[in-house]
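Novice: Take the given structure of chain A and dock chains B and C to it, following the hints.
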Amino acid sequence: MVLFSGDFDKVMACFIIASGALAMGKEVSLFVTFWGLDAIKKPSFKTAGRKVLERMILWMRPKGPLKLGTSKMNFGGIGPRLFRYMMGKKNVEPLPSLIEMSQALGIKIIACQMSMDVMGIRKEELIDGIRIGGVATYLSAADRSRVNLFI
Amino acid sequence: MVLFSGDFDKVMACFIIASGALAMGKEVSLFVTFWGLDAIKKPSFKTAGRKVLERMILWMRPKGPLKLGTSKMNFGGIGPRLFRYMMGKKNVEPLPSLIEMSQALGIKIIACQMSMDVMGIRKEELIDGIRIGGVATYLSAADRSRVNLFI
Amino acid sequence: MVLFSGDFDKVMACFIIASGALAMGKEVSLFVTFWGLDAIKKPSFKTAGRKVLERMILWMRPKGPLKLGTSKMNFGGIGPRLFRYMMGKKNVEPLPSLIEMSQALGIKIIACQMSMDVMGIRKEELIDGIRIGGVATYLSAADRSRVNLFI
Chain A
77 MVLFSGDFDK VMACFIIASG ALAMGKEVSL FVTFWGLDAI KKPSFKTAGR
127 KVLERMILWM RPKGPLKLGT SKMNFGGIGP RLFRYMMGKK NVEPLPSLIE
177 MSQALGIKII ACQMSMDVMG IRKEELIDGI RIGGVATYLS AADRSRVNLF
227 I
Chain B
77 MVLFSGDFDK VMACFIIASG ALAMGKEVSL FVTFWGLDAI KKPSFKTAGR
127 KVLERMILWM RPKGPLKLGT SKMNFGGIGP RLFRYMMGKK NVEPLPSLIE
177 MSQALGIKII ACQMSMDVMG IRKEELIDGI RIGGVATYLS AADRSRVNLF
227 I
Chain C
77 MVLFSGDFDK VMACFIIASG ALAMGKEVSL FVTFWGLDAI KKPSFKTAGR
127 KVLERMILWM RPKGPLKLGT SKMNFGGIGP RLFRYMMGKK NVEPLPSLIE
177 MSQALGIKII ACQMSMDVMG IRKEELIDGI RIGGVATYLS AADRSRVNLF
227 I
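Chains as they are written, first to last, in our numbering: chain A, 77 to 227; chain B, 77 to 227; chain C, 77 to 227.
For reference, chain A alone in the conformation it holds in the complex (with noise of 0.2 Å):
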């Protein structure tokens, strides 16, 4: 799979998707890039030492599961606090515990060098147990793969 997305619903049907198919069994491989990569950030990094450019947009993209939007009816962020304590309500997982889960279950998370590069994010700012690659080892990944999808 790839994680091209940083919708909080997007990435919420991803790992659904993801650990729903580790519980079978099936080996997963998710390649994230772009917006994705806001999604495996850790809570909070320094943003020192960069250029001004790339401070701006690490200052203004979301950092991490928790603070994701959504990609209908954000509402400038209530709408994200919104679905999580409805889905909290029926007992559906919370993403930072669904990501967890599937690291558990042995998914493969591969972070875009490119992506991280463009937008000046390092690795020890990701979450752990992660690896950094390029687009040969996704396609080598999707190659071997039954099904693909790119959220």
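If you are wondering where the hints come from, they were derived from the structure by calculation, not from laboratory data.
Incorrect hints may appear among the rest.
What the hints assert, rightly or not - With a straight-line cut-off of 30 Å between C-alpha atoms, the simulated DSS-like cross-links for lysine-lysine are: (1) A:Lys166 to B:Lys184; (2) C:Lys102 to A:Lys102; (3) B:Lys102 to B:Lys118; (4) A:Lys143 to A:Lys199; (5) A:Lys118 to C:Lys139; (6) C:Lys102 to C:Lys199; (7) C:Lys139 to B:Lys166; (8) C:Lys127 to A:Lys139; (9) A:Lys118 to A:Lys184; (10) C:Lys199 to A:Lys127; (11) B:Lys199 to B:Lys102; (12) A:Lys184 to C:Lys166; (13) C:Lys102 to C:Lys184; (14) B:Lys166 to C:Lys127; (15) C:Lys118 to C:Lys148; (16) B:Lys102 to A:Lys166; (17) C:Lys199 to C:Lys127; (18) A:Lys148 to A:Lys184.
Keep in mind the model is a prediction, meaning the values are calculated, not measured.
Specialist: Okay, now just chains B and C, sitting in the frame of chain A:
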């Protein structure tokens, strides 16, 4: 196929691909989740007897294929009307007929249980002839498919 | 692959994956539909001799890869310029070269007949070396492919 989006243009693309594949004699399973559910709602349903939040969200979301907005150039609902008019001029099947045609040709539509729970949508409010299922239902269909798309 | 989106960032992702796969010796078919057509337009073309509605839509849509907006942080067109600048700094191939390179490596680009009809786009207004086809053309290519993506 997964239909995640509820944008008029993406739902059109989804059912054009689906009906094309069905016409070529293929089997098509469509797993409808999140905003995609807007496309398979009946035009009207009552929101009485629900929690305030559920009622609020149901009231704000479009009801059925004729109420969907476009992902670009929506212009407060004029965009979809414009596109419907231009598509009609070029003899493109309108969305409700495409959905009906796909059903007549044997499409399997599975509505996502979890999304329905979270948004407070009930089975009788969706069009007839669809099933309810979870991510495991989707994954077993995806695993048997030659072509998988996330729209 | 289906290229549905005309967002600069998604079109970039699409052609990075495509050119990567081509470089690895794979065959790539790209079916370009709806907003994706904006990415393969020639930079300028005349709208004379068309219906008013078609002219209006053509006038509002971006013309070619250098005019695309980003799906997030567009800021009225500053976003894409910013990203192009940052990508240039990191030696990422610009989008028009990626498209040319993919064509040199043998990508098959098929523009969606129906979308062209609806939006009033003519073959001579798209870049050279592409074919026109319908959903059946796409489906037969998809059926032969190992990896299918909807971008």
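Novice: Could you run down the list of hints and mark each one as holding or not?
Specialist: Here is how each hint holds up against the structure:
no.	hint	result
1	A:Lys166 to B:Lys184	26 Å, holds
2	C:Lys102 to A:Lys102	26 Å, holds
3	B:Lys102 to B:Lys118	27 Å, holds
4	A:Lys143 to A:Lys199	19 Å, holds
5	A:Lys118 to C:Lys139	39 Å, violated
6	C:Lys102 to C:Lys199	27 Å, holds
7	C:Lys139 to B:Lys166	23 Å, holds
8	C:Lys127 to A:Lys139	47 Å, violated
9	A:Lys118 to A:Lys184	18 Å, holds
10	C:Lys199 to A:Lys127	44 Å, violated
11	B:Lys199 to B:Lys102	27 Å, holds
12	A:Lys184 to C:Lys166	26 Å, holds
13	C:Lys102 to C:Lys184	12 Å, holds
14	B:Lys166 to C:Lys127	13 Å, holds
15	C:Lys118 to C:Lys148	24 Å, holds
16	B:Lys102 to A:Lys166	36 Å, violated
17	C:Lys199 to C:Lys127	17 Å, holds
18	A:Lys148 to A:Lys184	29 Å, holds
Against the hints set out earlier in the document, violations occur for numbers 5, 8, 10 and 16.
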